[in-house]
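**Q** Sequence:
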Amino acid sequence: MDTWMDTFVKRMRQTFGERVAFIGLQGSRARGEAGPESDIDVVVVLDTLNAGDICAYRAALQGLPEHEKICGFLSGRAELSAWEKGDLFQFVHDTVPFYGDLSAITPPLNREDARRAALAGACNIYHGCVHNLLFERDADVLYGLYKTAAFALRAKYFWQTGAYVSQTAALAGVLPEQEARLITDREDVKALVADGTAFEEFSKRLFDWAGATVRALGAANQNNT
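Number 225 marks the last residue of the sequence shown (the working numbering); no jumps.
What the hints contain is simulated information worked out from the structure, not anything from laboratory work.
Mixed in with the good hints there might be a few duds.
[Said to hold, decoys possible] No more than 16 Å apart at the CA atoms, straight line, and that leaves these computed lysine to aspartate or glutamate pairs for EDC-like:
#1 Lys190 - Asp140
#2 Lys147 - Glu179
#3 Lys204 - Glu179
#4 Lys85 - Glu112
#5 Lys147 - Asp39
#6 Lys204 - Asp138
#7 Lys69 - Asp101
#8 Lys69 - Glu112
#9 Lys69 - Asp39
#10 Lys190 - Glu201
#11 Lys204 - Asp188
#12 Lys147 - Glu187
#13 Lys204 - Asp185
#14 Lys190 - Glu112
#15 Lys190 - Glu200
#16 Lys69 - Asp41
#17 Lys147 - Asp6
#18 Lys147 - Asp185
#19 Lys147 - Glu112
Nothing here was measured: the structure is a model prediction, and the numbers come from that model.
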């Protein structure tokens, strides 16, 4: 990935010149957990971003190795600096820099921002579990929710301890057993068939955790105020 990112940085600099403020890598490739078919989650921040820049960026991706796997985040500097801090928490901690300094663009983040990130993640998972159990009953959707839970768990653990654990396996090793199972059981969830008994059990486990987390993190905010 280092070689690929060097090529990517050169292409961005050729396309946008000194307008490039930051380039980074996120996701499983940044954590060293990617498989051959994993997405390449790149981050590009320009001085400003307009519709023409989006078209130029799309054109610049063509011809890059594995360009069909490229996804990620493209933004102007001012927008990212004003971004909702709960959303920024995971974004900042999950990004490996390859050009520029992200901390010079984003505001300082603290444990309250981690709480908000974890709460938002748990709320989305709670809603997703309810919707999937009621209507879609899709094992792939459930697997996606389990993957999302890892991000909420990282934020919650940071809120509790002040430590950010990037590696998924390492995170499972420091969490309480109930929460660690949301990570270690993920491959079993991936192999599920919808509407089976196991589908119901795994859905209930995630739903119960999400509900308890929403209540706990919401109460923590009320106690602080």
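**Q** For lysine 147 and aspartate 6, compute the direct alpha-carbon distance and say whether it is at most 16 Å.
**A** Violated, at about 29 Å.
**Q** For a C-alpha distance cap of 16 Å, please report whether lysine 147 and glutamate 112 respect it.
**A** Violated, at about 23 Å.
**Q** Just to be careful, I want the Cα atoms of lysine 190 and glutamate 201 compared with a cutoff of 16 Å; is the pair within it?
**A** holds (14 Å)
**Q** Can the restraint linking lysine 85 and glutamate 112 be considered satisfied, given a maximum Cα separation of 16 Å?
**A** holds (9 Å)
**Q** Does glutamate 200 sit within 16 Å of lysine 190, going by the straight-line distance between their CA atoms?
**A** At roughly 14 Å apart (the allowed maximum being 16 Å), glutamate 200 and lysine 190 satisfy the hint.
**Q** Is lysine 147 close enough to glutamate 187, meaning Cα to Cα at most 16 Å?
**A** holds (10 Å)
**Q** Quickly compare the C-alpha distance for lysine 147 and aspartate 185 to 16 Å and report which way the hint goes.
**A** holds (11 Å)
**Q** Mind checking the alpha carbons of lysine 69 and aspartate 101 for me, to see if they're no more than 16 Å apart?
**A** violated (25 Å)
**Q** Holds or violated: lysine 147 with aspartate 39, Cα cutoff 16 Å?
**A** holds (14 Å)
**Q** Quick one, are lysine 69 and glutamate 112 close enough, alpha carbons at most 16 Å?
**A** Outside the cut-off at roughly 34 Å; violated.
**Q** If you draw a straight line from the CA of lysine 69 to the CA of aspartate 41, is it 16 Å or shorter?
**A** holds (8 Å)
**Q** Mind checking the alpha carbons of lysine 204 and aspartate 185 for me, to see if they're no more than 16 Å apart?
**A** Holds - the C-alpha atoms of aspartate 185 and lysine 204 are around 13 Å apart, at most 16 Å.
Hint violations for this structure: numbers 7, 8, 14, 17, 19, all remaining hints satisfied.
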